[in-house]
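Participant: Please take these sequences and the hints and turn them into a complete structure.
The chain contents come next:
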Amino acid sequence: EPEVTQTPSHQVTQMGQEVILRCVPISNHLYFYWYRQILGQKVEFLVSFYNNEISEKSEIFDDQFSVERPDGSNFTLKIRSTKLEDSAMYFCASSEGAGWETQYFGPGTRLLVL
Amino acid sequence: RKEVEQDPGPFNVPEGATVAFNCTYSNSASQSFFWYRQDCRKEPKLLMSVYSSGNEDGRFTAQLNRASQYISLLIRDSKLSDSATYLCVVNMGNAGNMLTFGGGTRLMVKP
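Here the protein sequences line up with chains P and W, keeping their order. Under the numbering used here, read the first sequence as residues 19 to 132, first letter to last. Under the numbering used here, read the second sequence as residues -8 to 102, first letter to last.
The hints are simulated quantities; they were obtained by calculation from the structure and are not laboratory data. For each residue, glycine too, the CB sits at the ideal point set by N, CA and C. A hint or two may mislead.
What the hints assert, rightly or not - Dumping the calculated DSSO-like pairs for lysine-lysine here, alpha-carbon to alpha-carbon at most 27 Å:
hint, chain 1, residue 1, chain 2, residue 2
1, W, 36, P, 60
2, P, 60, P, 75
3, W, 33, P, 60
4, W, 33, W, 70
5, P, 96, W, 33
Said to hold, decoys possible - So these bits of chain W aren't anywhere near chain P, every CB distance computed over 10 Å:
hint, residue
6, 1
7, 8
8, 57
9, 61
10, 100
Stated by the list, open to error - Chain P regions said to be covered by chain W (calculated; three or more residues, Cβ under 8 Å):
hint, region
11, 41 to 55
12, 69 to 76
13, 121 to 130
Facilitator: Here is the structure:
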């Protein structure tokens, strides 16, 4: 069964450093997403991406964040200058379409900012 | 008001019990609704979509009441493997693809 994959599974970084989280969505999917979950809290939407541009983003997704689809398979989330409060599990998801289409989640990258 | 609200639990039930979870959502324009399951430190996985007419998948039944902005999940004949956190999820995006999650309801099924 096709699945979303993410690398790395864990990342530890120093405050102020840049990190890039990588995702490979399911191959025939057209919509891509990033969510985050701070430990003990709910899953929060960050951004959705379709047709090589951001279609929606939340208030969390400020200028420190960016997304890119650098090639036909990868989808990345960059955090330009990490803060302590960026420590969270970051989930990538993908779906064939929008609306009722199921979003399939990857296993996540656990980011720890020291 | 929280956008998607759930009782955090935990619900501690014996094997074989029937258990029901409820969820309310704030955006009356929401178009699609889901229950996801999340195991500890894992990704959310779709359990089932929720349709206005109600739908059933084996031991799981989901109901939607749009007038009351209320969603429910019923689990019959609970198994040990049902122990997890159940996430009520509503698609609230303007473009139709922003999932808003409730905080989850934790279920623990005991032998």
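Participant: Does each hint hold? Answer for all of them.
Facilitator: Hint by hint, here is what the structure shows:
The hinted pair formed by residue 36(W) and residue 60(P) meets the criterion: a straight-line CA distance of about 14 Å does not exceed 27 Å. This hinted pair checks out: residue 60(P) and residue 75(P) have alpha carbons roughly 17 Å apart, not beyond 27 Å. Under the criterion of a C-alpha separation no larger than 27 Å, the hint pairing residue 33(W) with residue 60(P) is consistent with the structure, at around 13 Å. A threshold of 27 Å between alpha carbons decides the hint, and for residue 33(W) with residue 70(W) the separation of about 19 Å falls inside it, so the pair holds.
For a cut-off of 27 Å, the pair hint linking residue 96(P) to residue 33(W) stands: about 22 Å separates their Cα positions. The claim that residue 1(W) lies off the interface holds: its Cβ sits roughly 14 Å from the closest Cβ of chain P, which is beyond the 10 Å cut-off. Every CB of chain P is more than 10 Å from the CB of residue 8(W) (nearest about 26 Å), matching its label as outside the interface. For residue 57(W), the shortest C-beta to C-beta distance to chain P comes to about 15 Å, beyond the 10 Å cut-off, and the non-interface label holds.
Every beta carbon of chain P lies more than 10 Å from that of residue 61(W), the smallest distance being close to 19 Å; the non-interface claim holds. With a least beta-carbon separation of about 22 Å from chain P, residue 100(W) lies farther than 10 Å from that chain, consistent with its non-interface assignment. Check result for the region 41 to 55 of chain P against chain W: holds, 3 residues qualifying (beta carbon to beta carbon below 8 Å, three or more required). Under the rule that three or more residues need a Cβ within less than 8 Å of chain W, the assignment of the region 69 to 76 of chain P holds, with 3 such residues.
Only when three residues or more bring their CB closer than 8 Å to a CB of chain W does the claim for the region 121 to 130 of chain P stand; here the count is 6, and the claim holds.
Violated hints for the displayed structure: none, as all numbered hints are satisfied.
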